[in-house]
Every structure is written in structure tokens, then in C-alpha cells.
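Engineer: Spelled out, the chains give:
Protein chains: 2
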Amino acid sequence: MPHHWERFEKLVKRIHTLGSVSSVLGWDQETQMPTKGATARGEHSALIAGIAHEAVTSTEMADCIAALGDTDDLSDAQQTILRETAREHDRAAKVPQSLVEELSRVRVLATEAWRVAREGDDFAHFAPHLTRIVSLKCDEADHVGYASHRYDALLDEYEPGATCASVTAMFAPFRGEARALLDAVLSSAATPPTSILRRSLSVDAQRAFCREAAADLGFDFDAGRLDVSAHPFCSGFHPRDVRLTTRYDENDPLSSLFGTLHETGHGLYEQGLPPEHAFTPMGAAVSLGVHESQSRLWENLVGRSRPFWSRYLPKLRTCYGGQFDDVSLDDMLYAANAVTPSLIRVEADELTYNFHILLRFELEAALIAGDVPIGDLPDVWRQGMATYVGIAPENDADGVLQDVHWSHGLFGYFPTYTLGNLYAAQLFAAMRRDVDDVDGHIANGEFGAILDWLRTRIHGHGMRYGAAELIKRATDEAPTAEYLIAYLREKLTPLYDL
Amino acid sequence: MPHHWERFEKLVKRIHTLGSVSSVLGWDQETQMPTKGATARGEHSALIAGIAHEAVTSTEMADCIAALGDTDDLSDAQQTILRETAREHDRAAKVPQSLVEELSRVRVLATEAWRVAREGDDFAHFAPHLTRIVSLKCDEADHVGYASHRYDALLDEYEPGATCASVTAMFAPFRGEARALLDAVLSSAATPPTSILRRSLSVDAQRAFCREAAADLGFDFDAGRLDVSAHPFCSGFHPRDVRLTTRYDENDPLSSLFGTLHETGHGLYEQGLPPEHAFTPMGAAVSLGVHESQSRLWENLVGRSRPFWSRYLPKLRTCYGGQFDDVSLDDMLYAANAVTPSLIRVEADELTYNFHILLRFELEAALIAGDVPIGDLPDVWRQGMATYVGIAPENDADGVLQDVHWSHGLFGYFPTYTLGNLYAAQLFAAMRRDVDDVDGHIANGEFGAILDWLRTRIHGHGMRYGAAELIKRATDEAPTAEYLIAYLREKLTPLYDL
Numbered sequence: 029m030p031h032h033w034e035r036f037e038k039l040v041k042r043i044h045t046l047g048s049v050s051s052v053l054g055w056d057q058e059t060q061m062p063t064k065g066a067t068a069r070g071e072h073s074a075l076i077a078g079i080a081h082e083a084v085t086s087t088e089m090a091d092c093i094a095a096l097g098d099t100d101d102l103s104d105a106q107q108t109i110l111r112e113t114a115r116e117h118d119r120a121a122k123v124p125q126s127l128v129e130e131l132s133r134v135r136v137l138a139t140e141a142w143r144v145a146r147e148g149d150d151f152a153h154f155a156p157h158l159t160r161i162v163s164l165k166c167d168e169a170d171h172v173g174y175a176s177h178r179y180d181a182l183l184d185e186y187e188p189g190a191t192c193a194s195v196t197a198m199f200a201p202f203r204g205e206a207r208a209l210l211d212a213v214l215s216s217a218a219t220p221p222t223s224i225l226r227r228s229l230s231v232d233a234q235r236a237f238c239r240e241a242a243a244d245l246g247f248d249f250d251a252g253r254l255d256v257s258a259h260p261f262c263s264g265f266h267p268r269d270v271r272l273t274t275r276y277d278e279n280d281p282l283s284s285l286f287g288t289l290h291e292t293g294h295g296l297y298e299q300g301l302p303p304e305h306a307f308t309p310m311g312a313a314v315s316l317g318v319h320e321s322q323s324r325l326w327e328n329l330v331g332r333s334r335p336f337w338s339r340y341l342p343k344l345r346t347c348y349g350g351q352f353d354d355v356s357l358d359d360m361l362y363a364a365n366a367v368t369p370s371l372i373r374v375e376a377d378e379l380t381y382n383f384h385i386l387l388r389f390e391l392e393a394a395l396i397a398g399d400v401p402i403g404d405l406p407d408v409w410r411q412g413m414a415t416y417v418g419i420a421p422e423n424d425a426d427g428v429l430q431d432v433h434w435s436h437g438l439f440g441y442f443p444t445y446t447l448g449n450l451y452a453a454q455l456f457a458a459m460r461r462d463v464d465d466v467d468g469h470i471a472n473g474e475f476g477a478i479l480d481w482l483r484t485r486i487h488g489h490g491m492r493y494g495a496a497e498l499i500k501r502a503t504d505e506a507p508t509a510e511y512l513i514a515y516l517r518e519k520l521t522p523l524y525d526l
Numbered sequence: 029m030p031h032h033w034e035r036f037e038k039l040v041k042r043i044h045t046l047g048s049v050s051s052v053l054g055w056d057q058e059t060q061m062p063t064k065g066a067t068a069r070g071e072h073s074a075l076i077a078g079i080a081h082e083a084v085t086s087t088e089m090a091d092c093i094a095a096l097g098d099t100d101d102l103s104d105a106q107q108t109i110l111r112e113t114a115r116e117h118d119r120a121a122k123v124p125q126s127l128v129e130e131l132s133r134v135r136v137l138a139t140e141a142w143r144v145a146r147e148g149d150d151f152a153h154f155a156p157h158l159t160r161i162v163s164l165k166c167d168e169a170d171h172v173g174y175a176s177h178r179y180d181a182l183l184d185e186y187e188p189g190a191t192c193a194s195v196t197a198m199f200a201p202f203r204g205e206a207r208a209l210l211d212a213v214l215s216s217a218a219t220p221p222t223s224i225l226r227r228s229l230s231v232d233a234q235r236a237f238c239r240e241a242a243a244d245l246g247f248d249f250d251a252g253r254l255d256v257s258a259h260p261f262c263s264g265f266h267p268r269d270v271r272l273t274t275r276y277d278e279n280d281p282l283s284s285l286f287g288t289l290h291e292t293g294h295g296l297y298e299q300g301l302p303p304e305h306a307f308t309p310m311g312a313a314v315s316l317g318v319h320e321s322q323s324r325l326w327e328n329l330v331g332r333s334r335p336f337w338s339r340y341l342p343k344l345r346t347c348y349g350g351q352f353d354d355v356s357l358d359d360m361l362y363a364a365n366a367v368t369p370s371l372i373r374v375e376a377d378e379l380t381y382n383f384h385i386l387l388r389f390e391l392e393a394a395l396i397a398g399d400v401p402i403g404d405l406p407d408v409w410r411q412g413m414a415t416y417v418g419i420a421p422e423n424d425a426d427g428v429l430q431d432v433h434w435s436h437g438l439f440g441y442f443p444t445y446t447l448g449n450l451y452a453a454q455l456f457a458a459m460r461r462d463v464d465d466v467d468g469h470i471a472n473g474e475f476g477a478i479l480d481w482l483r484t485r486i487h488g489h490g491m492r493y494g495a496a497e498l499i500k501r502a503t504d505e506a507p508t509a510e511y512l513i514a515y516l517r518e519k520l521t522p523l524y525d526l
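Taken in order, these protein sequences are the chains called Z and C. Residue 29 is where the first sequence starts when you use the working numbering, and the numbers rise one by one after that. Residue 29 is where the second sequence starts when you use the working numbering, and the numbers rise one by one after that.
Because the hints were derived from the structure by calculation, they are not lab data. Incorrect hints may have been included.
Which copy is meant is left open, because identical chains are indistinguishable; a pair holds if it fits in one copy or across any two.
[As the list claims (entries may be wrong)] Only pairs whose alpha carbons sit at most 30 Å apart, straight line, appear in this in silico DSS-like list of lysine-lysine:
1. Lys41 x Lys122
2. Lys122 x Lys38
3. Lys122 x Lys64
4. Lys38 x Lys500
5. Lys519 x Lys343
Required output: the full structure, derived from the provided sequences and hints.
Structural biologist: Given below as C-alpha cells:
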């Protein structure tokens, strides 16, 4: 066994180190690379991905997994590494190389077609590419296999263990309680003072403020950076090298702050993964949903709270040379928590965001099941938006064409955003039970107790537990939307006189 | 053959693409990486280097080389790719993996010991590490093989084709003509007004000025960047993605400019390599000496010339808000071309620099030949400095411990700096014969004709010719120090009333 384990661990580390190198290449591409460098970067990334794929699917890997599967003296950590590596190996081994390559080719063309289609508001231009992508993803799902719904095989890549049925069950309150909450808010006469956030502030001042906030939350800048990219993201190469990005808009100063709080949440998770298990699944994040729970917890549960703004509004006033002197704490809180139905998902508020996701989840599950013809998508989208969010797009650019995900072949990815919201609210409620005076800590700018709780309950476990089990262990309850809805109701009731 | 060529080319591109990925990792390490990221980066780099080494030494590579060696229908470009790849393969195959790994380990320890020794001015602390490194490099040379001098095997890695004898011959004038020139300068009563360069200028203004100058020379910022690092360098990932760095000192504004001109010279070479041969030796630079010729040509032959400053002194005045209004063109030229013996190589002027190199070349050749005991190095260094440069260090930190090269195992690297100086002067003289009114072009800020000449004569050839042949083809003459000495004499004669 020791010999097999040594060979196996070396292969595992090779695969994860290559993944980390890919992340460095990707980060550079988004933040540093000159425009003409794209072709060479494509060569870099394809080669590294190919070498990693060879290792994942190698016969040596298969042999190691088989040999280690027969042993019963593995530690907990070793069992986790074996289980997750076997999962990755099985999935990769089941999908033919020809399909992987075809998807890779089609994805490039589809993404380009999507860009053109969105710019020209021309769904028909994108439709044949989407048809092809959906067909290939169905093939992939069939190769991977599934118990009840073909979509499960795709969802499993981003949220291991989740199924169409489990997500449908968790999202059910969005057809009931949450729907009623949204209706109540929309029929309220109260008007949030969102215009107070529209003021011009220098990018330099925003950058300094964002950096200070990230450091306050506990982000270690000796083990990470904060840069600019067109679409904010977080990329963890290793717990000691985590890269955040945000973007700065002179006329929308708080978007860079909330974006930074969001990415800092991701970054704190990455910095909290156990470094002794770096480059193995024991040192990796559990799922996209759990990752998103960390970003949403800091951005929303902490960052849009009264104690947070009681601390940061004075700082904001100082940082921006008195430009926020006319804004009261009540108005700031109200503006930061306004519910405003919008056509665009990434601009949506905490409540309506989930309805954007519900629509996408239902549509993509139906696409993969073959229940919705591609040509009907624009109309189905409009009807869905009208039903769920209360407004419908006049064109497809602001409708079905707004997201890049499907052109990339990302089916099963959208639900993880709302899973993150659910997990975040549930975790925060449990933390309030375990940690004395969470609000007091936040109001004092002391985030150590919150971070410690997350480190212990979430970050430090790597992939030891699946997402559902991890949340259950951290909160003593299976994942549910109940806490998210209760949190939103409690927050919105006074703001909207419900 | 076509089948063999296809397999071979795929392997070659894999190796060079991995090298390019290593460069991305290295660039990030020097310019972006947070301090705590070093350990993970070590893992990244070691893995990528290891995979590349596997490919270079693979039996598949050996088979391809053997099979292709028997064919006679290869194009010129294919022959170059085969020849250079075979050279790399042979060298790598001859050196045992155990020696490579031992050198890698010893290098890390030696570099750390060197840092401590230099800080504490304690050569004895470094001596045992240097002894070990020299011994391992001798082993390496013996494995690689050589015709007459063991040092040749090491020199060949950086300047293929050069030998101890050929370098000794090319450097001979530094014991005669150039020595006499230096003596004449040092006995001149003329005093260059170097103090005029000591003025405090903002880093932002320096950055803007450096960027403008690099773009003026022809550096394409859509295919490259200019950043900051502790030690300036240029790293070309591909002709369409070339990264330059410089450093800014508020109290020494021209050092960032000359540093930028230098790295831009390297960068123009990298951007001028044929992109259709990217990731093969046909798309790679010939040698360190030729690379250095490009940086020195732009930094010195162009950047310290009268026509250059007739153009850029007015720009300097504008950029720095009139801070250079009191400096005349004559004074600026004089200050930029002052000859001032110094203890430190990297601070040396154009003339004395070569004597620093001469000393290092002779010492390292003697070390590898076993002709100088390690313990005698500090004294031999002092004597050499007194003889060649006219001043000797009082301590070893400013003497034998000043350079990092030997602790890295870089023996045979130093001579390429002066080879670069020789080649640069010889190329510039040939260019003056081919291109009308070079000075006029420079004075007008039009560098296109100079760059075109270099593109055609040097950059576009990749590794088709060896360094000596490339210089001969470009200039109709074998490499010689004659042009460098003539250029320096012509420039220094009026400045120092010789």
C-alpha cells in the first residue's frame, strides 16, 4: 500500500499542480496579458490541460485507484483524496477524448457566435451553436451516466451530490413564500433612495477603500492580490497565493466595494484551505455552491448589514473627502438593500436574483431533457421573466442572450449561485447561535470570530465532506431555503413597511 | 519522413510551449506574486521544468531525431529545428538526472548562502557552497564533453559555438587598445558633470517617459507590457507577448530610462522573432550574446548618442515640468557617457564594464580548470580589479560576492555581456553603411529604418545561423572587438580631450 499511495499521491499532486498552473495562466490572461497574446495563451492553456487530462485518465492512475480501493488502512484524509480523485478519474475516463475535443472546438465557435448574437440582438445567429452544444452536453451526460435525470450528470460536475430533484426541492419556496415576499415588496409604496449611491468618485480612492475593506475582513495581502478585470473573479493558486479582481466605475462607487467583498469571501475560503493538503482534493473547495456561500455571506449577510454600515459609512465619508456626509445610515442601508426587478441577472438584488436563477435552472434542465425546442427559448424566457421577476425583456440581448454560460457549455452551473445564497443564510444563522454578539463584532470592524467560525466549519475541511453533509455538520440541519427567506423577510419588512 | 516530422514537431512545440509557460510563471513571480506564494511557485516551476525535461530526453525524441537524421528532404527551417533540438537533446541526455537534481538542490542552498555571505561580507560562509557548485559544474562539463577546455562545455550553453579560445581572442584588445583608451581617459583632467543627473523626479512621470520611449523605438504595447521588478529583465513568451520590466528610483531618473531602453532592445528582438515558427528553435533567439547585442545597441549606441538626446532632451524638459531646463545638450551627453571606474559591475559605464567582464571570464575559466583555489578568490579578485579597472574593493561584498551568477551555477554566462557589446558596435557600424543618415533618423525620432535593418539581419532568422555566422552575414565580417573600441574612442575623445 505505501508504495501505491506514494505513486498515487504524486499523480494527484501533478494533476492539481497543473490545475494551479492553468489558474496562473488564466489570471494573467484576464488581468495582465496584452491583447495580441491570446493565441499563444491558447496554446499554453491547451497544452497544460491536455497533460493534466492524460494524468487523470492514465492507466497508472487507474491501477493506483484499483489497488488502493482494496486497502482498508487509509487515513480519513487519504480516503477523501482517493474518493474525489476516483470520482474525477471515472468521469474523465467515461467521456471519450473525441467528445472532449469536439466540445472544446464547438465552445470556441459558440462563444464567438454568442458575442455576435448578443451585440446584434440576433438569437437566430446563436441558435445552431446552442443546439450543437446542448446535443454534445447530452452525449456527455449519457456517457457519465445518471440515476433519474440526465441533467444530474451535468450538475454533479459543479455541485457534487446535488440532483435535479434535490435542487427543485430546495428551490420550491421560490414558488411560495419567497414569491409572496417579492409580491409584497413590489406592491409596497416605499421607495428606496438608490440615487444617493450615484456619485462620481475617483478610482484611486475606490481602490484604497476596497483594499482596506478586504484586509479588514481578514484577507492576507502577503498571500494574495487585488487587481482589475472586466469580470471580477477570484482564483486561488494555493492557500498562500490567492488573486482577487474587481472593477471600478467612477459613477458607481459601491459596486466595486460589494464586488470586492464578494470576491474577498471567495478568497478567504481559498486562503483557509489546509495548506498541508495543497494540490490534493483535501486542500480544495467542496463545490461551487459552497464557494458561493462564502462570497455571498461576506457580501450580503455581513456587507449589507446595519452594523457593517455603522462602521463603514464614517470610513466612506473620510475616504471620499466628505462626499457621503449627506447620506444617513438609514438611507445607506435602504439603498444597499433595495429590491428592484431588473432584466439582467448580474445587476439583480439579493431577492430577485434567485428568481433569475430559478428561470435558468428550469430552462436548462428542460433543454437537456429535450423538453424545450431551442427556437422557443426567447419566448419561453420572456414568459418566465414576466412570471418570476415581473418584467420581461423587449429584446433577446437583455433576455436569453445575456449570459455567457451556455455558450461555454456550462449547464448545471447556474443553480450553484442560489445554492450559495441558501447555504450562506443558513451558515450565518448557525454562526449567530455559536458566536456571541456577531453584530457587535461587525460594528467594531472585528471579523476574526466570524472568520474563525468559517475556518473551522467550512474552509479547513477541504473536500472531506460533500456540500450537503458539510452544511449539515456546520448548521445541524440539511440545506434549506428557509433561512434565506427568513433573513430577507426580516431585513425587508422594515424597509418596505411590510 | 512526414510522419516522423509530425511527431517530432509536436514534441518540439510541447517543449518550447512548456518553456514559455515557465516564463509566464517566472514573470509573475518577479512582478506580481505575493511573498508567501513562493513555495507554491516552486512546485509549479519544478513540475513544468520536469515535464519539459522528460520530453527533451524521451526515447520518442531520440527515435525521431535518429529517423530524421537519415532523411535529406528537410527544408532549411526544418534542418534548423532538427539541429538545435538534437543539440539540446544530446546535452540533456548526456547529463545524468541525478546530477541535474543535485545541482538544483545545491543551487537553492548556495543562493541562500550567497545572500547571507554578501550581507555579512563573509566569503568564508559562501566558499564551501561555491566549491560544491564548481565541482558539480565540472562534472556536468565532463559529461557534456569538450574539445580543448572544460569551460567550453559550459560556455556552449549560453553562446553556442563560442569557446574559451575564441572568447580569449575576441577579448584580447582589452589588454591592449582598450586598456590604453581607459588609461588615457583616467589621466584626463576633464570632469563629466554627472551631478546634473541627480535630481528628484516622480515615479509616475518616469513611467510615462519610459513607456513613450519604448513605444517610439517600436515596441508594440498590444503585444507586450512594461512593469516593475527588483532586477529589470525581458521575458518573451511569444513574439506577440513580450514582458519588459524596469525599476524607478526617484533620485536617479535616467537609470529607469536607460534600463528601459536596454530591455526594450531585448523586447524588440523577441517581438521580431518569426511568429510562424513560434515554439520552435526557428522562432527562438540565437544566443545570450546576440540577445545582449540588441539591448546594448538601443541602450548605448542609440540611447547615449547626440542625435538621440537632441530629440529627447526637449522631451525630458517637458515631461519633467522644466526640471531639465538648466541642462545643455553637451552636458547631458557628457553625463550620459561619463567613464567612472566603479567597484560594482551593474553600475559600470560602457568602457569599464568590459573590464569587469574580462576579470570574471578569466576567473571562472580558471575555477573550472582548477587553476585557482576557491579560498584565493577574494585576493585574486582584488588584484584583478586593481589591474583592470584601477580600483579595488575593501570588502568582499563589493568584490567577489557582488554577483548572484555563480551561486546559481551560471558559469560561461558573464562573457556574453561583452560579446553583446562587441556585436552591437559591429552591427551598428554595418547598419551605418547600409542605411542612409542613421543619425538623422534618430534625431527625428524615426527608428523604423534601424529596426527594419535589425529585423532583416538578426531577428527574423531565429536560430537558423549560429551567433558568429549571423554576425558575419549581417556585417560581412567575423565578430571582433575592433568596432566597439573604435566607437568608444570616437565618442570619448572629444569628451575627455584625448
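Engineer: It remains to establish, for every hint, whether it holds in the given structure.
Structural biologist: Tested hints:
For a Cα distance limit of 30 Å, the shortest separation of Lys41 from Lys122 qualifies both inside one copy, at 22 Å, and across copies, at 29 Å. For the homomeric pair Lys122 and Lys38, the shortest alpha-carbon distances inside one copy (23 Å) and between copies (26 Å) are both at most 30 Å. For a Cα distance limit of 30 Å, the shortest separation of Lys122 from Lys64 qualifies neither inside one copy, at 37 Å, nor across copies, at 39 Å. Proximity of Lys38 to Lys500 under the C-alpha cut-off of 30 Å is found in neither arrangement, the shortest distances being 32 Å within a copy and 50 Å between copies.
For a Cα distance limit of 30 Å, the shortest separation of Lys519 from Lys343 inside one copy, 23 Å, qualifies, whereas the shortest one across copies, 60 Å, does not.
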